[in-house]
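Here the protein sequences come in this chain order: W and V. The first sequence begins at 34 in this note's numbering and counts up by one. The second sequence begins at 34 in this note's numbering and counts up by one.
Read the hints as simulated data drawn from the structure, not as lab findings. All clues given are correct.
The list makes no distinction among identical chains, and a pair is therefore deemed to hold if it is satisfied within one copy or across any two copies.
Mimicking DMTMM-like on lysine to aspartate or glutamate, the simulated pairs with C-alpha atoms at most 25 Å apart in a straight line are: (1) K49 x E240; (2) K102 x E211; (3) K406 x E355; (4) K406 x E417; (5) K263 x E240.
Since this is a predicted model, take the numbers as computed values, not measurements.
There are 2 protein chains.
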Amino acid sequence: MTNFTFHAPTRILFGKGEETNVGVETAATGSRVLVHYGSDRVRKSGLLKRVTDSLSAANVSFIELGGVKPNPRLLLVREGIDLCRREKIEAILCVGGGSVIDSAKGIAAGVLYDGDVWDFYTGTAEPTKALPVGVVLTIPAAGSEMSPATVVTREDGKQKFYFNAQCVRPVFAILNPELTFTLPAYQTAAGATDIMAHTMERYFAPERNVDFTDRLCEATLRTMIGNVPKVLSTPDDYAARAEIMWAGAIAHNDLLSTGRTGDWSSHNIEHELSAQYDVTHGAGLAVIFPAWMRHVYKTDIGRFVQFAVRVWDVEYTAGREEEVAIEGIRRLTRFFRSIGMPTTIAELGVTDRRYEEMADQALRNGPLGSFRKLEKSDVVCIYELAERALV
Amino acid sequence: MTNFTFHAPTRILFGKGEETNVGVETAATGSRVLVHYGSDRVRKSGLLKRVTDSLSAANVSFIELGGVKPNPRLLLVREGIDLCRREKIEAILCVGGGSVIDSAKGIAAGVLYDGDVWDFYTGTAEPTKALPVGVVLTIPAAGSEMSPATVVTREDGKQKFYFNAQCVRPVFAILNPELTFTLPAYQTAAGATDIMAHTMERYFAPERNVDFTDRLCEATLRTMIGNVPKVLSTPDDYAARAEIMWAGAIAHNDLLSTGRTGDWSSHNIEHELSAQYDVTHGAGLAVIFPAWMRHVYKTDIGRFVQFAVRVWDVEYTAGREEEVAIEGIRRLTRFFRSIGMPTTIAELGVTDRRYEEMADQALRNGPLGSFRKLEKSDVVCIYELAERALV
Chain W
34 MTNFTFHAPT RILFGKGEET NVGVETAATG SRVLVHYGSD RVRKSGLLKR
84 VTDSLSAANV SFIELGGVKP NPRLLLVREG IDLCRREKIE AILCVGGGSV
134 IDSAKGIAAG VLYDGDVWDF YTGTAEPTKA LPVGVVLTIP AAGSEMSPAT
184 VVTREDGKQK FYFNAQCVRP VFAILNPELT FTLPAYQTAA GATDIMAHTM
234 ERYFAPERNV DFTDRLCEAT LRTMIGNVPK VLSTPDDYAA RAEIMWAGAI
284 AHNDLLSTGR TGDWSSHNIE HELSAQYDVT HGAGLAVIFP AWMRHVYKTD
334 IGRFVQFAVR VWDVEYTAGR EEEVAIEGIR RLTRFFRSIG MPTTIAELGV
384 TDRRYEEMAD QALRNGPLGS FRKLEKSDVV CIYELAERAL V
Chain V
34 MTNFTFHAPT RILFGKGEET NVGVETAATG SRVLVHYGSD RVRKSGLLKR
84 VTDSLSAANV SFIELGGVKP NPRLLLVREG IDLCRREKIE AILCVGGGSV
134 IDSAKGIAAG VLYDGDVWDF YTGTAEPTKA LPVGVVLTIP AAGSEMSPAT
184 VVTREDGKQK FYFNAQCVRP VFAILNPELT FTLPAYQTAA GATDIMAHTM
234 ERYFAPERNV DFTDRLCEAT LRTMIGNVPK VLSTPDDYAA RAEIMWAGAI
284 AHNDLLSTGR TGDWSSHNIE HELSAQYDVT HGAGLAVIFP AWMRHVYKTD
334 IGRFVQFAVR VWDVEYTAGR EEEVAIEGIR RLTRFFRSIG MPTTIAELGV
384 TDRRYEEMAD QALRNGPLGS FRKLEKSDVV CIYELAERAL V
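Let the sequences and hints guide you as you build the complete structure.
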């Protein structure tokens, strides 16, 4: 276990009807807020009105900025920054999923920065202060509701970059599983895949002696494996929606990576798919993660055996560790397929094989990964492996 | 899963040598602090000097108040309150384990209260503000380093009472597993038992559909089961000490009880032993918890079967669920015995059978527990069951 600092101070209000508390929670962050959201779904469902009514009841004034798209765009972040400055906004309230929250984090840090907010995403500058961000979550997936991370895509350059900063970690997040009943099956499954990927990025670490966090990761994965099929067959299964929603927040608040480094290659490799082809992030991960595993498992077969045995109930068989390891990867792939996720790159609509170009972009800051350092040839190989699923 | 609020903002600095950061961390909480500790062990080991040197280097002035005993006493809390007021103390820094932290929390809340601090423990008043509390942890056990709880014993009345208040949750906690290398085996095992008990109090809840937190609890218990024997045979096993120390904090920061109520009967029943006989809390729990289990398992055999199968690797056998459940309790008892804990009430030195009196005291606020409500006859029965261990 390596030394670490852990500080996840986001206040969570979890459960049925909790969004009625949003006014009081928001009032503690500011008296004039930007309500940030994505599609008109939140307006049509009546959620936006319930939220703004609660704000008004708490004497919080607000302006709205909708239109956040999946893979949120830099242009809207810049527009939000201008708007916040012009309107003397004190805090940002997100109503939506990871894209809305990530967009809000960019705005929150950008408002208090003299330069271009893109500097934070390119690593040219580091944010040290931000407007407070609050969340009413509608999609369990990105884990942005408790995380210090934001990912934004620049339209012109097809660049999908991220930054991590403690100052953008949401102050509060309201998680009502009922709000996820109407999520389409595909989005539900893609979100679940993202949650599992956040867990696995942390699980496949190079450190030894990470017993507790290994087990916390395994607990999270097994929770997802057990509950995702339930919500796909019964979308209003509150209990199962609740398990997924809470697991999604914990999977990405940094607890599961305390004392270990995490790998994050699969995320970086997938980000190029999202940036170039506007692929749904979770769907891209369902394709890339198993391909990454097939490329790297020999680096530490023991870890993959543990994954197979503890997470997927593969029986350990002495002398056949490699088969056990591969069977774990196979079961993961089958699981993704069973919940309606693509498992080949072609199913994502990507057929032009621009792997070299994407690999160059993914490696712009140097080799990827900690479980195994990946060079360009590795990344190209992973894109190629992703052409055929292991089933 | 029930609705819940979760807010565990304690900043954790974990790992080798992290106590050298205590000055900087403390300076953010106040410029004049009370350094609170227990026995002279922390002075003799040189830890206290390292801590105060770090404070001085960060321009933090301090006064010291040592002498906290296990089962910390109200008199010292009152003395600390007077001292803090007289010396215009702005924050409290604990160097020690749960007793020191619990004592500090009492002082921290009492300083800002006009009445008698004991009011908080009796439930007559509720604390809403407190001086900031920081921690350098030396004993993984009570979990007080991330928790909102404090337990204090009144000398005259033999009363051991507690309160929970968000305002006393430590602002930061420094956890260096190296500081636990010199803990005697008995204290190590008693601390480990306390950690397991905190997890089991949460695990044995009446709620259904608590899959994620069930699995997090099981992960915590398995981590303890795997690592405690290691540190008993090799006290300076850093990796194993680290697992225990981190698990101890997470076991009691409320994450494991999100969406469920917890039982806490065993803690309440044990508190009477500690108050009356000054028993080591963890040792008392090793005796009481299995006795409680034997008394209540029929209330929900399924939950005890899950405990046996998932935590203790008992094989599930259809139609023999009761045997499976009991085997889980037996393995827990044997585990406690294997790490040197007492498993009968006589081994605690308690032979005068004042069970009725202790039961009355334990039930002063009404029936105990949520997994099963316990009346006086139940509590007496549990003390009686604790006379003979199931092995």
